[in-house]
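J.: Each protein sequence line maps, in turn, to chains A and B. Position in the first sequence counted from 1, then plus 34, gives you my numbering. Position in the second sequence counted from 1, then plus 307, gives you my numbering.
Among the hints, a few may not be true.
In silico DSSO-like pairs for lysine-lysine, Cα to Cα no more than 30 Å straight-line [unchecked claim]:
#, chain 1, residue 1, chain 2, residue 2
1, B, Lys1039, B, Lys1076
2, A, Lys73, B, Lys1170
3, B, Lys953, B, Lys1126
4, A, Lys73, B, Lys953
5, B, Lys811, B, Lys697
6, B, Lys1235, B, Lys1269
7, A, Lys73, B, Lys1039
8, B, Lys588, B, Lys783
9, B, Lys1269, B, Lys1170
Chain A regions said to be covered by chain B (calculated; three or more residues, Cβ under 8 Å) [claimed, not checked]:
#, stretch
10, 66-72
11, 87-98
Think of the hints as simulated: they come from the structure by calculation, not from any bench. C-beta atoms are modelled at their ideal positions from N, C-alpha and C, and glycine is treated no differently.
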Amino acid sequence: MLLIACPNCGPRAQAEFTFERPLASIVTPTETLPDLIHKLFTRENPRGPSWELWRHTYGCAGWLKVHRDTHSHQISAALPVDMETPS
Amino acid sequence: MSGPIRLADGGLIDRSRAVSFVFDGQTYQGYGGDSLASALLANGVVLFGRSFKYHRPRGVMAAGIEEPSALVQAGSGGRYEPNSRATDVFIYDGLQSQSQNRWPSLGFDLGGLNSLISPFIPAGFYYKTFFGGPKLWLLYEHLIRQMAGLGMPPTKADADIYEHRAAFCDVLVVGSGPAGLAAALSASAAGSRVILAEQDERLGGSLLTDPATIDGQASDLWIAKARETLMAAGGRILTRTTAAGYYDHDLVNLVERLTEPGQTPGADGLAQRLWRVRAGKVILATGAFERPRLFEGNDLPGVMLSGAVRTYLRRYGVRAGSRAVITTDNDDAYRTALALAEAGASIAAILDSRPADGVHSALVQKAMAQLPVHFGAKLIAAKGSAKGLKGASALIEGKVTALDCDLIAVSGGFSPVVHLHMQAGGTLAWDEISGSFSPDQTRQNQTTVGAAAGADGLSATLLSGWSKASAKAKAKAAPTCASDDDVALNIIADWEPAPQASLKKAFVDYQNDVTAADLDLAWREGYRSVEHLKRYTTLGMATDQGKTSNLVGLARLAKSEGRPVPSVGLTTFRPPYTPVTLGVLAAEATGAHLDPRRRPVLYQTHAAEQPIWQPVGYWHRPRAYPMGNENLHQAAHRESLTVRTKVGVTDVSTLGKFDLSGPDAATFLELICATTVGKLAVGRGRYTIMLREDGMVMDDGTVWRTEENRFLLTSSTGGADRMAAHLSYVRKVIAPHLKVAVANVQEHWAAVAVAGPLAKDVVAAVLPKMAVPRHMSLDVGDLAGVPTLTLAASYSGERAFEIYAPSDQIAPVWAAIAKAAREIGGCLYGLEALEILRIEKGHIVVGGEIDGRASPHDLGLSKMLRPAGGYIGATALQRPAFAEPGRLQMVGFEAVDGSAIPEGSMVLTAPKTLPVGHVTAAGLNVIKGGSIALGFLRDGFSRTGESLIAWSPTRNQTAEVKVTAPVFYDVAGVQYRD
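Isolated chain A (complex conformation):
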């Protein structure tokens, strides 16, 4: 079980969180149809570091951006959702 450092609550067990989606698959209300289809149905499935959207559902209920390696499960960052994602 992963240990995720919630920006509000500190390190907590994965069971308190919900994985939402890869950050790159967030659909905005102004998305074009081809982009929407790509984001919903033909997503990348990266092996390696990936930015993801998680929610601390059973904690502060806040949303966070998590930089997780999908292979090693290393988490290098967990930021509040409104913080700029480092490039």
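Based on these hints, arrange chain B on the given structure of chain A.
T.: Frame of chain A, contents of chain B only:
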């Protein structure tokens, strides 16, 4: 006298405490500290069970958890555990144990005939039977079920209590042998918080078998002192506790046994405890398993691992035989030979497969001086039966030689226990000479020490534990041992059986009855991948997960392949390390504690009416309020009829409710809702639907403008949590720029719905000062001092109102409304009547028609969509597939002859054709009678009037139906208006 005996003294058992236990109906005596295996051996028992497939007689091979053969079932009734290793059960007074997989008895087992037909049960037997066609397989399956298997499952519910506990530490040490203790002491000395887990009931590991002098004192004193030191520093020591799984980010599950299998727990009733330990660093000091060797009959009772023979001797005071043959490829077995000789046994031969011209250690030289040692020698076959060994044949100096013995001690080298290291994502390095894998790279914060890391000899083991546990540790301060105790293994792995041995009885996997011949056959049949070989032959797939067999099997495959062992590959190490009872995994989450039960605030009020309850998600809501002898169907029909003709009252407190306020509340709702919201006047409401971003309908509800910049949004009970998450997602992630506050007020407000032609009269009676609101309007009021909000909205199709009040004040509101309704002939109604009424009106529901596959178009709701778009799901609705022919569209079905339309039917054009649709909800026409249903039909909108068949294969029911519009009552829509 031959066979095992208890020695007059010695061992770590408590001879002052006699323990009485039962095995296969016979009562035996053992001592405190005995394992079931040691106690049975002490009583001269050599036959412990029958093998999985061939029913071969099996004894005990090992002394620890790796035991593949001596499986027993312990306890009875609600305290019962099958497939317990006799080596891993410590006896207690009253222990009831039985051998497994034998019939009618262990000594006389008819299944033993399988041995005779074993040539016909080759590798991959199960798979091969599939080629004979399904009928043949059914026959085989029946036979296999009769003959094969391990213990019987329990027949009673588990009587015990289990618990989970979370713990944190700087350093978790797994294993309390010399390396583990040295590591724990080192970490503790460096100021770390330490948890030490030991699966045995005693600390010490290999020191319990081979006592030594450490730091100038006897090892038992050193162990006791180590315990004191660790405890004094605030460490936690858990014995009888197995590290079962190593998960991500250094989470290790420890299973602590507070009772032995079948044992009644103490006063607190706890049988086992699962520790979920999040550790800063994990030290694995898990030791090494001794490997068996390939020779004919290597599974017979009396054939044991060499280290196990020594453990029984030293720890339990049990000498496993009186005349022993030792077969080895390393020095460790010489300690066994010398110990046996010292205990009065004779040594028939030490068969050492290593060459004679090697350098002999002091230990080997000592043995050569007094015992018959043969180098370059191999065992060919063990001879014996269920009663024990009768001798052996060996290849000595190129000649087949018969040996007289009642015990064979086997050492095929040692394999480091790398299970947890591998579960943690580590890699392995291969050592060709010792024939072993040891940990190489790690991915988590873990280090392996001692024999598990390939350390050879006690001195290296202690140093490895001490120095790897802490960066601050100085090698000079490491515990040291006397030089006599520092015995190196000097393994020269030799996997090759003697050419004279029949491999059909040379077992690799004892628990699943896989022989070397089976592996060779599988390879000839083309199974080259180790993963395929494993599944085809079932090698390593038994409850012991191949602890003793995997490497022997791999080496065999490597030989067939002509490749080195590491290039053949390894199968995956998965948790749990040893079998874990389901009870400890579930802990308190069983029965009524499995799920939370959410009770609506009016639960007790309903309970007084003795309704039939229905779970809706975690909620428990009244399904119907039967009167007299009514059944559910009769009660629901009466209730719906009362709503249609008079008035009904129901509790709708569990609906999702959200309070949205702020200057951008309308803009925010126009993202959420696919209908027009912004133009809503203050004090008015609308029915609305919410879409997912892929265009499918997610939920429906109503939206009310309570103030210029404030709205109340309701949604379904079942979808309320999802809607709360969705609103949060849109507010925080999609549209954080909007100035809106969203509050989930689901449980802040409770609500009573009043529906029926007389509903208006009930509202007027209980809220006399408030003008009855018009349809889709709201007003506030005061009911006996309770502030209320009345929404005029209809779900049933009748004139209806939802009267909201703060949850903690709803009881008088409910009471007043129920009383007023009953006074004019009304009644309470539950979910079943609600369902009947909404089906009649064709109102969609989450989980029914809103099933995640239906777009608003499919549900006939296109006209409701906001033409300007801009709501979530609007773009996706442009997907061409939504407009293509052949979509499932929502329709109504009416039974032609009045017979019931089966729930969950598929809809066909003719019998035995492919379905063209399905029924989502079946009900009845309340006033007119007759069976009706809602459902989906391909291109259903244009098929009104068509005759079809509703068929439920599971209920074996059929009804002829006619396609209709999905509304059966008040099609013109006048009943619910003012």
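J.: Hints the structure violates: just list their numbers, smallest first.
T.: Hint check: 1, 4 fail, others pass.
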